[in-house]
Amino acid sequence: MSPYIYIVLLSSLGLGTTITFMSSHWLLAWMGLEINTLAIIPLMTQHHHPRATEAATKYFLTQATAASTLLFASTTNAWLTGQWDIQQMTHPAPAVMITLALALKIGLAPLHTWLPEVLQGLSLTTGLILSTWQKLAPLALLTQIPTLNQTILTTLALLSTLIGGWGGLNQTQLRKILAYSSIAHLGWMILVLQYAPSLTIMALIIYIIMTLSAFLMFKLNNTTNVNSLSISYTKAPAITAMAPLILLSLGGLPPLTGFMPKWLILQELTKQGTPLTATLMALSALLSLYFYLRLSYSMALTTTPNNIPGITPWRLFSPKSSSLSAFTTMTLLLLPLTPTTTTLLAL
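Residues 1 to 347 (UniProt numbering) are what the sequence shown spells out, left to right.
It should be emphasised that the hints constitute simulated quantities derived from the structure, not laboratory data. Ideal placement from N, C-alpha and C gives every residue a C-beta, glycine not left out. A few of these clues could be false.
Stated by the list, open to error - Quick list of the computed label-pair ranges, beta carbon to beta carbon:
| no. | residue 1 | residue 2 | range |
| --- | --- | --- | --- |
| 1 | Leu-27 | Asn-227 | 44 to 50 angstroms |
| 2 | Phe-60 | Leu-10 | 17 to 23 angstroms |
| 3 | His-49 | Val-8 | 18 to 24 angstroms |
| 4 | Leu-286 | Ser-12 | 37 to 43 angstroms |
| 5 | Ala-93 | Ala-238 | 53 to 59 angstroms |
| 6 | Ile-7 | Thr-143 | 26 to 32 angstroms |
| 7 | Ser-11 | Thr-90 | 32 to 38 angstroms |
| 8 | Thr-90 | Val-8 | 38 to 44 angstroms |
| 9 | Tyr-297 | Thr-90 | 50 to 56 angstroms |
| 10 | Leu-344 | Leu-15 | 25 to 31 angstroms |
| 11 | Thr-18 | Pro-42 | 17 to 23 angstroms |
Claimed, not checked - Mimicking SDA-like on lysine to any residue, the simulated pairs with C-alpha atoms at most 25 angstroms apart in a straight line are:
| no. | residue 1 | residue 2 |
| --- | --- | --- |
| 12 | Lys-271 | Asn-149 |
| 13 | Lys-219 | Leu-245 |
| 14 | Lys-219 | Gly-14 |
| 15 | Lys-271 | Pro-244 |
| 16 | Lys-235 | Gln-171 |
| 17 | Lys-219 | Ser-11 |
| 18 | Lys-271 | Thr-340 |
| 19 | Lys-58 | Asn-149 |
| 20 | Lys-176 | Arg-294 |
| 21 | Lys-58 | Leu-169 |
| 22 | Lys-219 | Thr-143 |
| 23 | Lys-271 | Thr-143 |
| 24 | Lys-271 | Thr-341 |
| 25 | Lys-58 | Ile-41 |
| 26 | Lys-219 | Glu-117 |
| 27 | Lys-219 | Gln-194 |
| 28 | Lys-58 | Met-22 |
| 29 | Lys-271 | Thr-338 |
| 30 | Lys-58 | Ser-11 |
| 31 | Lys-58 | Ser-12 |
| 32 | Lys-176 | Ala-52 |
| 33 | Lys-58 | Pro-42 |
| 34 | Lys-176 | Asn-227 |
My request is simple: use the sequences and hints to build the entire structure.
As structure tokens, this is what we get:
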């Protein structure tokens with residue numbers, strides 16, 4: 001792909017998200033989402049491979065369905081209430097439809113089935129954009145919609161954390177594992193959205209940092225499955241040694257950074273008088289932690305170092321990436337800043 005076309009597509013991605021961020025009118029927000037969708041599809045198909053074409057087709061059909069549902073719901077709300085403003089979604093029926101449409105756009109369970117398949121067919125760079133940047137605009141709209149029906153958000157969140165943990169148990173493909181991780185993390189964000197939106201933003205920022213670390217590590221190692229990651233110790237020992245810690249941080253194991261949002265969200269749920277929901281979320285987090293622990297065990301204790309005669313390189317591959325170093329440091333060492341974070345969130 002020409003670098004000029006690449007720049008135009010990335011600029012369109014930024015423009016679509018910015019339009020949705022700045023909009024207060026449903027039509028403008030819908031237009032930003034559509035620009036976002038149309039800009040990423042050429043990025044998905046830049047590698048001419050049947051899996052990439054299949055992933056782009058699935059993504060387009062899913063996003064078109066969600067966008068048409070959102071447009072229909074916003075038009076219905078304007079017909080019933082006379083309001084096009086995003087924060088004036090006062091009728092319950094359009095509010096439910098828009099919530100489900102945005103849940104389909106970001107891949108919340110049970111509307112999640114497209115996400116692992118699409119992510120598996122993409123390159124790591126495009127998968128990183130899909131897992132991070134493409135979540136921003138729908139989540140920005142979800143934070144602005146008045147919470148008329150808490151049951152729907154709670155159900156979506158609980159199903160997402162359960163399915164996100166359960167679906168990743170038998171996976172060997174790293175992109176599918178990160179897809180199910182994304183579903184589980186989104187469940188945590190959506191659950192606390194109705195009580196403390198600032199906690200949702202904080203959880204999203206930490207999720208983006210951890211996902212950036214994971215994708216950059218896999219890209220530098222050129223690995224897409226567990227076996228190739230476990231034998232990459234001979235090529236890049238330092239990076240491969242950090243992989244279990246990054247995965248455990250994604251799973252939310254203390255004392256790593258990933259524990260911070262789970263800790264604060266469970267604390268907020270307890271304050272709101274929903275101890276049963278908090279208990280279910282904590283138990284569902286154990287599913288995600290289990291498959292991350294299993295991956296870390298297979299990499300760190302059983303297959304590393306794996307010096308198979310004949311494939312060991314004569315010179316170690318030592319990629320230099322300052323961005324990976326920065327994001328890995330934040331992925332592992334931000335937990336002591338929790339008091340500062342809670343202070344900033346309270347402002």
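Checked hints:
1. Leu-27 with Asn-227: 44 to 50 angstroms: holds (49 angstroms)
2. Phe-60 with Leu-10: 17 to 23 angstroms: holds (19 angstroms)
3. His-49 with Val-8: 18 to 24 angstroms: Once the Cβ atoms are compared, 23 angstroms apart, the range 18 to 24 angstroms for Val-8 and His-49 holds.
4. Leu-286 with Ser-12: 37 to 43 angstroms: This hint holds: roughly 41 angstroms between Cβ atoms.
5. Ala-93 with Ala-238: 53 to 59 angstroms: holds (55 angstroms)
6. Ile-7 with Thr-143: 26 to 32 angstroms: The hint (26 to 32 angstroms, Cβ to Cβ) holds, given that Ile-7 and Thr-143 are roughly 30 angstroms apart.
7. Ser-11 with Thr-90: 32 to 38 angstroms: holds (36 angstroms)
8. Thr-90 with Val-8: 38 to 44 angstroms: Roughly 39 angstroms apart at Cβ, these two residues keep to the hinted range, so it holds.
9. Tyr-297 with Thr-90: 50 to 56 angstroms: Roughly 51 angstroms apart at Cβ, these two residues keep to the hinted range, so it holds.
10. Leu-344 with Leu-15: 25 to 31 angstroms: holds (29 angstroms)
11. Thr-18 with Pro-42: 17 to 23 angstroms: holds (19 angstroms)
12. Lys-271 with Asn-149: holds (20 angstroms)
13. Lys-219 with Leu-245: Measuring from Cα to Cα gives roughly 17 angstroms; hence the hint holds.
14. Lys-219 with Gly-14: Since the Cα atoms of Lys-219 and Gly-14 sit roughly 23 angstroms apart, the hinted pair holds (cutoff 25 angstroms).
15. Lys-271 with Pro-244: violated (33 angstroms)
16. Lys-235 with Gln-171: holds (24 angstroms)
17. Lys-219 with Ser-11: Between Lys-219 and Ser-11 the Cα gap is close to 23 angstroms, so the pair holds against 25 angstroms.
18. Lys-271 with Thr-340: holds (20 angstroms)
19. Lys-58 with Asn-149: violated (30 angstroms)
20. Lys-176 with Arg-294: holds (15 angstroms)
21. Lys-58 with Leu-169: holds (24 angstroms)
22. Lys-219 with Thr-143: violated (32 angstroms)
23. Lys-271 with Thr-143: holds (20 angstroms)
24. Lys-271 with Thr-341: holds (18 angstroms)
25. Lys-58 with Ile-41: This hinted pair holds, its Cα atoms lying about 10 angstroms apart.
26. Lys-219 with Glu-117: holds (19 angstroms)
27. Lys-219 with Gln-194: violated (36 angstroms)
28. Lys-58 with Met-22: violated (28 angstroms)
29. Lys-271 with Thr-338: Between Lys-271 and Thr-338 the Cα gap is close to 18 angstroms, so the pair holds against 25 angstroms.
30. Lys-58 with Ser-11: Satisfied, since the Cα-Cα distance of roughly 23 angstroms is no more than 25 angstroms.
31. Lys-58 with Ser-12: holds (21 angstroms)
32. Lys-176 with Ala-52: holds (15 angstroms)
33. Lys-58 with Pro-42: holds (13 angstroms)
34. Lys-176 with Asn-227: The given pair, whose Cα atoms are some 14 angstroms apart, holds under the 25 angstroms limit.
Taken one by one, the earlier hints fail for this structure at numbers 15, 19, 22, 27 and 28, listed in ascending order.
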